[in-house]
Amino acid sequence: MADAVGRSVPRKDGIGKATGEARYADDLTFPGLLYGRTIRTTIPCGRISSIALDFDQAGFTVVSHRDIPGRNVVPLIVDDQPSLVEDEVRHGAEPVLLLAHADREKLLAAEVTIGYVAGTPVFDPELSRVCFKDVVIEKGDVAGGFAAADTIVEGTYRTGHQEHLYIEPNGVVAVPEDGGIAVFGSIQCPFYVHQALVTLLGPAVAKIRVIPTETGGGFGGKEEFPSMLAGHAALLALKSGRPVKMIYDRAEDMLATTKRHPAIVRHRTGVTREGRLVAMEVDILLDGGAYSTLSPVVLSRGAIHAAGPYRCPNVRITGRAVGTNTPPNGAFRGFGVPQTAFAVEVHLERIAEVLGLDSVRLRERNALRPGDTTVTGQRMGSDCSARQVLRAALKKSGYRRKRTAYAGTDRGIGVALYYHGSGFTGGGEVRLASRAAVELTANGVRILASSVEFGQGTRTMHAQIVADALAIPYQDVEVAEPDTSVVPDSGPTVASRTCMVVGRILERAAIELRERLGDLSPAEYFRRHGPVTVVKQYEAPDWIRWDEAGFRGDAYATYGWGCDVAEVELDRDTGEIRPLRLTAVVDLGKAIHPALARGQVEGGTAQGVGYALLEQVVMREGLMANAQLTNYLIPTTLDTPPIDVVLVENPYPGGPSGAKGLGELPMNGPAPALVNAIRHLGLDLRTIPALPEAVLEAICASR
Amino acid sequence: MRFTLNGKPADVTAHPMARLLDVLREECGLPGTKEGCGEGECGACTVLVDGEAVCSCLIPVAQVEGALVTTIEGLGTAHPLQRAFMDEVGAQCGICTPGMIMAAVTLGPKATLQEVRTKLAGNLCRCTGYEAIYRAILRQ
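Taken in order, these protein sequences are the chains called A and B. Note that this note's numbering gives residue 232 to position 232 of the first sequence, counting from 1, and the numbers run on in steps of one. Numbering-wise, this note's numbering comes out as the position in the second sequence, counting from 1, plus 703.
Possibly wrong hints are sitting among the right ones.
Taking beta-carbon pairs under 7 Å as the criterion, some of the chain B residues facing chain A (in silico) [as the list claims (entries may be wrong)]:
| id | residue |
| --- | --- |
| 1 | G739 |
| 2 | G741 |
| 3 | C745 |
| 4 | Q785 |
| 5 | A794 |
| 6 | I798 |
| 7 | G832 |
Below, a sample of chain B positions facing chain A; criterion: calculated Cβ distance under 10 Å [as the list claims (entries may be wrong)]:
| id | residue |
| --- | --- |
| 8 | C731 |
| 9 | L733 |
| 10 | G735 |
| 11 | R786 |
| 12 | G802 |
| 13 | R820 |
| 14 | T821 |
| 15 | A835 |
I should point out that these hints are in silico values taken from the structure, not numbers from a laboratory. Just so you know, even glycine gets a beta-carbon here, dropped at the ideal spot from N, CA and C.
Chain A on its own, in the form it takes in the complex (with noise of 0.2 Å):
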């Protein structure tokens, strides 16, 4: 019986999320809560010289930087980022005092006064002056490339912020329990959260645990922003004695917390007549924002996936990540990927027009195969699914008919192929070395792991590994809320690795119970012997090499495949682009719960969508200026044209029934192939979102 993987299995979720049981950080009630407020910066650069409570103090709880028992910063890569300002401001919406209060209306109603010694804040980051990470990735002789090369082409692409706009918030709940605090919310990433209370709080504070409640979206929002918003909670909660709610609203959680970073990312590219890529130099500039949270790591997986799924011999990628006096950018689903998939697919295409080939030939010719080299030098397995994408997305699509058919027409057709590495990137999972486990239970199994259920199915496609690798039916696993005083630390859920990563641990541990059992049920050896765990940790495949130092080796144990193709209207009245039509074809591997894998790729090219051609963070002062959905847009029903998936199944040995990592992939593609779709409308567009504004100019440009 080992039938629930490739199935789409009842989920675990049950029926709660559709009648209203499912419980969020919001919903949760505790006796003698009071409600948290964040009191934050009005200036985006320079040093706080007064601050004046305005306001009656009776029934209010005040927390300053000077109430933190431990160390004052939001543990990261870096540790720059105060919990609370102590003195420097370096944006404008950083927290300096925390309040709570029983009353909702005189919580709000307080006022403070925080007076300043202005600095002369900088929000270009072509002018920054504040590097957090710089990398430097080369393969081959660059410069003999070019001077080999037939034709040069050269190319600058801007990518915008986005705003995840998750449905539900950011929010917590803190409950001081038994000399420790428990907090509760809405949390990707459980142990992190708990190693900032643990750096926050220090050693007086013995008994922290986090529980992440049902989470409503997080797309990387709740990556690491909750580790910030989990200690306010904890000290209003640790001052008072009381359990303290702090939801944040619309407006603030869109004001204060992280984004996708804006990018610069410049392409000279060498290539012969015939369309080979014989060098390539890309530079990226990412702006990081006011403290360096990810911005190395999503600077890494930018760069090394900035010249695309392409064999080139000869490349020379550089990147930098710098300080702005804008809130931090942070993790985004693509994680520095979608930036630089954007510019290098755009620029294909007008390398292909250059030549005045075909840009799918240019493409083809040029997409890597099993046994090519990668930038880092990777060796691609028998699993590199290129060109098998790229040729289902055609035909799929029916590209080449609609590209001749739309020719002069106000419908265009644009293509776009990208990949996505499945996992940490480099050494990163050696060093999480997660660790996950499957216990018996009186009926079955239960699993125990602390990746978080927000939507993608983490419950579901985990209990359906377990069942198959035990071979017993899959109502009979259940799995554990991700409570860290419980669950061991499985690492964070990110970075496409819930699935691939974690449900391979699950997966070997799964399979070492099975031995433990003999030929017994689970429920039948737990009458017997009682309970048993098999606690299993993340082993790196034998053939991984990285060079950390020199980006030189397998920067991902695999990586997923995917080819989008992007139909569009133009109406020439207004500038405005309506997409008709996206399909999305992506190899991951194996297909665990397709309905779910569906989802995944039909949600991210949704998010795609919305940053290609709505979403626009507009930036004043180093604030966002519209911090509201009424003028910041996101797809609605009739903004989402319809979304064609085809799932393709080229296995990864080292990945549970051979899946891949697939969250993120799909949100790569998009962009790229809608502008592209825009080309094909002889409209030069480089720069993201493709607004009416920017298509009106683009159409004054072309004639």
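Given chain A's structure and the hints, the job is docking chain B onto it.
Relative to chain A, chain B alone:
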């Protein structure tokens, strides 16, 4: 303030200008209705007032005096749309789902895809790309 809530009489003491959303979630103890934006753009807080889908974040409770108010809890736990949303993965993270279902129940039988898209145009979902939501509704 009196109104009929999920078929039963309700009598609430909240300020007349309190948002219906807060009254439902806090005073009436029905947290199935969600707040996504608080400005009537996302539709997560959709409930029915006299059979019409409205954003409860924009409605002062005074406005529903004497009205019939139905929340997701009023559909019970066995409405065919609820099962269809889970089976078809029309719910991923689930935060928009109660509002999405409350908007969808106002669709007539045998609604076309275009009717579904138009009816749900005020309900945002960031997870699904809407395709699975259409599959759930259209299988009815």
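Against the structure, the hints come out as follows:
For G739/B, the interface hint holds, since its Cβ comes within 7 Å of a Cβ in chain A; the closest pair sits about 4 Å apart. About 6 Å separates the beta-carbon of G741/B from the nearest beta-carbon of chain A, less than 7 Å, and the hint is met. Using the Cβ-Cβ criterion of 7 Å, the hint placing C745/B at the interface with chain A is satisfied: the shortest such distance is roughly 6 Å. Nearest Cβ of chain A to the Cβ of Q785/B: about 4 Å, under the 7 Å cut. The hint holds.
At its closest, the beta carbon of A794/B sits 5 Å from a beta carbon of chain A; the interface hint therefore holds under the 7 Å criterion. With its C-beta approaching chain A no nearer than about 3 Å, I798/B sits inside the 7 Å limit, and its interface hint holds. With a cut of 7 Å, the hint placing G832/B at the interface with chain A holds, because the nearest CB-to-CB distance is about 3 Å. For the restraint placing C731/B at the interface with chain A, the shortest Cβ-Cβ distance is roughly 12 Å, beyond the 10 Å limit, so the hint is violated.
At a threshold of 10 Å, the smallest CB-CB gap from L733/B to chain A is about 7 Å, leaving the interface hint in force. Contact between G735/B and chain A, as hinted, is supported at the beta carbon level, the nearest pair being about 2 Å apart and thus within 10 Å. With its C-beta approaching chain A no nearer than about 7 Å, R786/B sits inside the 10 Å limit, and its interface hint holds. Hint status for G802/B: holds, given a least beta-carbon distance of 9 Å to chain A, under 10 Å.
About 4 Å separates the beta-carbon of R820/B from the nearest beta-carbon of chain A, less than 10 Å, and the hint is met. The restraint placing T821/B at the interface with chain A holds, with a minimum CB-CB distance near 7 Å, inside the 10 Å limit. Because the closest C-beta pair between A835/B and chain A is about 5 Å apart, less than 10 Å, the hint holds.
Checked against the numbered hints given earlier, this structure breaks only hint 8.
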